[in-house]
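With chain A fixed as given, assemble chain B onto it according to the hints.
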Amino acid sequence: MKELLAAPPYSNRNDDDLLRALVSLSAEQLSGCPEYRRVWPDWSGADKFDELPWLHVGVFKHLELRTHFDGVHYERTLKSSATSSGVSSLIVLDRDSSELQSMSSLAILRDFVGGEIRPLLVLDSAKSLRVRGHLSARVAAALSLKPLASEIHFLLEDPEDARSMQWDKLEALLDRFDDLLVYGFTWILWMAWSAEIPERIRSKLTGKRIQFVHSGGWKKLEDRKIERQEFDRTLLMDLSPDSRVVDYYGLVEQVGIIYPLCEYGYRHVPAWAHVIVRDPYTLQPLLNQPGQLQLLNALARGAPYHNVLTEDVGKIIEGPCPCNRSGPKFELIGRIPKAELRGCANV
Amino acid sequence: MSDSLHFYGKSSDVVAVSLPNQTGSVIDQWSELRSAMTQTVPDSFTRDEWAYLMSFLDTTHLNQPFKECFGETIPAGAGPVVRLFRPRGRIALWLPNNVSLLGPLTLILVSLTGQPLRIKAGSQSNNLTKDFLDFASSRLSDCALRRYLADSVICETFDRHHIGNTEMAGEAQVRIVFGSNEAAREIHSLPHPLESIGFSFVDRRSEVWIEEESLSDKLLTTLLKIFAIYGQAGCTSPRRVVLLGGDTSSALALRDRLVELWPTVLPGLPAMNVASENTMARQWAAALGWDARIAGSNAGVIAVGEPDLLVIDSGMFLGISAATPEQAERTLPDNIQTLGYASQEPNHIRWLELVARNRIKRLVGLDEMHHFGPLWDGSEFWRQLFEAVEISS
Chain A
1 MKELLAAPPY SNRNDDDLLR ALVSLSAEQL SGCPEYRRVW PDWSGADKFD
51 ELPWLHVGVF KHLELRTHFD GVHYERTLKS SATSSGVSSL IVLDRDSSEL
101 QSMSSLAILR DFVGGEIRPL LVLDSAKSLR VRGHLSARVA AALSLKPLAS
151 EIHFLLEDPE DARSMQWDKL EALLDRFDDL LVYGFTWILW MAWSAEIPER
201 IRSKLTGKRI QFVHSGGWKK LEDRKIERQE FDRTLLMDLS PDSRVVDYYG
251 LVEQVGIIYP LCEYGYRHVP AWAHVIVRDP YTLQPLLNQP GQLQLLNALA
301 RGAPYHNVLT EDVGKIIEGP CPCNRSGPKF ELIGRIPKAE LRGCANV
Chain B
1 MSDSLHFYGK SSDVVAVSLP NQTGSVIDQW SELRSAMTQT VPDSFTRDEW
51 AYLMSFLDTT HLNQPFKECF GETIPAGAGP VVRLFRPRGR IALWLPNNVS
101 LLGPLTLILV SLTGQPLRIK AGSQSNNLTK DFLDFASSRL SDCALRRYLA
151 DSVICETFDR HHIGNTEMAG EAQVRIVFGS NEAAREIHSL PHPLESIGFS
201 FVDRRSEVWI EEESLSDKLL TTLLKIFAIY GQAGCTSPRR VVLLGGDTSS
251 ALALRDRLVE LWPTVLPGLP AMNVASENTM ARQWAAALGW DARIAGSNAG
301 VIAVGEPDLL VIDSGMFLGI SAATPEQAER TLPDNIQTLG YASQEPNHIR
351 WLELVARNRI KRLVGLDEMH HFGPLWDGSE FWRQLFEAVE ISS
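Residue numbers (my numbering), protein chains in the order written: chain A, 1 to 347; chain B, 1 to 393.
For reference, chain A alone in the conformation it holds in the complex (with noise of 0.2 angstroms):
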């Protein structure tokens, strides 16, 4: 796996060897993990990546699974953020698995904001990784930045409250460095850089290079009616002509595997991943049309999280795309609408 993952992500793809990869991987899983066992007690091998045993994304909301084999060694649980639904995934973090997916995770980044390793600003508080034998959604993916990063410096105050920018860190800092990376998640990067920046902020601003690299939902920002040009456009305003936004879609329960958007508007599967899109209703692969969209990764071992359905809603896209990347690529449409089931209000 570690020799894939020196290659770049998107080429040199053969589902031949990522399919007996994750064959193999999931009768590991199996073995290792009861529970998931109970939930495919007949597989026995796949011939095509749809036949291979996934897993809801919201079990791992009820349930924290593990999976055992020689030598694993348990380290952090990862812990999503909970905005929909009010109950956090968590996801057990093993060591060899980690060390995949950072190498994963810095080869899809690198694809997109380049090598160069320069200071990251984080939208976030240090206060947020002070939590012992736990990692929010959000740290880790700022964590993820990390191998780009000459050195890391928090920006808010408060982790819950982008308006607490440190704005005399920030001034510091642009008196020091030209080219930054700032990472945050959607709808904190956009409260925090919206705001009234103060003027002294917005001269040092002016000319600078900065690839701001952002994830998490948009739903905060549509209620807000705020739409990804005017998010771009600001965030960028008075920067050097080569400051990029990057949005990226990721799940803690596919951790490693990040999805940025291309300059055309899709998302590229790396070649140790791959994507499904099923029909809700019959669970069949559907192509070419919408449906919830299925991530799976050779990476993940510690839990059988390497295969997950997840609640987005998305749709495969055939043929090249003009970014050049090759794979397969799919189209993120958003999250399955929500209809409440009505009654006394027992759940």
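Please note that a few of the clues may not be correct.
Some chain A residues close to chain B (C-beta under 8 angstroms, calculated; not the full set) [what the hints assert, rightly or not]:
1. Leu63
2. Arg66
3. Tyr281
4. Ala339
The following label-pair restraints were derived from C-beta to C-beta distances [unchecked claim]:
5. B/Thr221 x A/Glu51: 34 to 44 angstroms
6. A/Cys323 x B/Arg47: 41 to 51 angstroms
7. A/Pro320 x B/Pro42: 47 to 57 angstroms
Keep in mind that the hints were calculated from the coordinates and are not lab data.
Idealized CB from N, CA, C, for every residue including glycine.
Below, chain B alone, put in the same frame as chain A:
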């Protein structure tokens, strides 16, 4: 509405009830509204909900609370009066988010007392009570009921921290709370008149117990309909079916028959998020040891498991356990509300003994599980909208 005395009798006791003059007219006017209801279903209601509301408004049904609580109507002077029932006064009603028909149904029952009613609806969902009020007000001609709804009923939407909650608790003689345990605790701890009373209709669970000999497709059709209206979101909906006298293979056969019947009894596609949750629920249940199957087009999950296996919390998940009566009783949830039952001997004393030993609030046939009435969750709440005055000569 001005009040007058109405007389009722149970055995030899005569009671007088102080009611608005127009109570009889109000009942007739509710009933008359049904013809307008046949012509349209407001968008916020499902057809099943609307049909149930219509049946609730039947004259005989609306007279039932008086009959159950006070007895048959009798003429004045038929005997010495032993009790006088007098409305306590202003009523406050709290409804949670995504609540079903409980709002409109409680409104209808309260309207029979003629007392002012202030309703707080959930702030994050359709407000069926308001929609029903609007419908009734727009369809009724100028009559006592319409004037009551306009002058004496307020239906508002605000959140749990709004000052309106304090106002409602402070002015009401009766507080009725549907919602979570926490919400009820908060509301009843707001300052309220010393002699006021409160009812908490909180988090409850319901079950169906079926004796194996009583199984039939007709019964299973009723079970599916009863379950699917609200799924686990309804306090009166079964979360578990206990097959009394059965074993694992008969429980699996029951599950498979329900899965087979589902598409004909409940045709149509669920919402996409419901289908997705069912996909999740089937896997979650299987991981815990349930033998689970998807029903319909991913519209529900029906699973077989041991009686002490926890029923998972998922909207359209229905568990089935084969059990002895002792096992079934031992694994009843602490907050059991309705026990729907199907037995060859429905009147056998063992059923009453079961209820007597446990905290079951309702023991009813399957087709009555969702029926709402003046006796709810162990409280004769409608009767207690009146205070009792002792009368002796």
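Quiz prompt | Closest C-beta approach of A/Arg66 to chain B relative to 8 angstroms, hint status | solution = 12 angstroms, violated
Self-check item: Agreement of hint A/Ala339 with chain B interface, Cβ distance less than 8 angstroms
Solution: This interface hint holds because 4 angstroms falls under the 8 angstroms limit.
Quiz item: Does the hinted range 34 to 44 angstroms hold for B/Thr221 and A/Glu51 at CB?
Solution: Hint holds: Cβ distance 36 angstroms, inside 34 to 44 angstroms.
Practice problem: Using the beta carbons of A/Cys323 and B/Arg47, state whether their distance is inside 41 to 51 angstroms or not. | Solution: 50 angstroms, holds
Quiz item: Does A/Tyr281 pass the interface check with chain B, least Cβ-Cβ distance below 8 angstroms?
Solution: 4 angstroms, holds
Self-check item: Whether the CB-CB distance between A/Pro320 and B/Pro42 falls inside 47 to 57 angstroms
Solution: Given a distance of about 51 angstroms, which is inside 47 to 57 angstroms, the answer is holds.
Exercise. Report holds or violated for the interface hint on A/Leu63, using the least CB-CB distance to chain B and a cut-off of 8 angstroms.
Key: Cβ of A/Leu63 sits 6 angstroms from chain B, so the hint holds.
Taken one by one, the earlier hints fail for this structure only at number 2.
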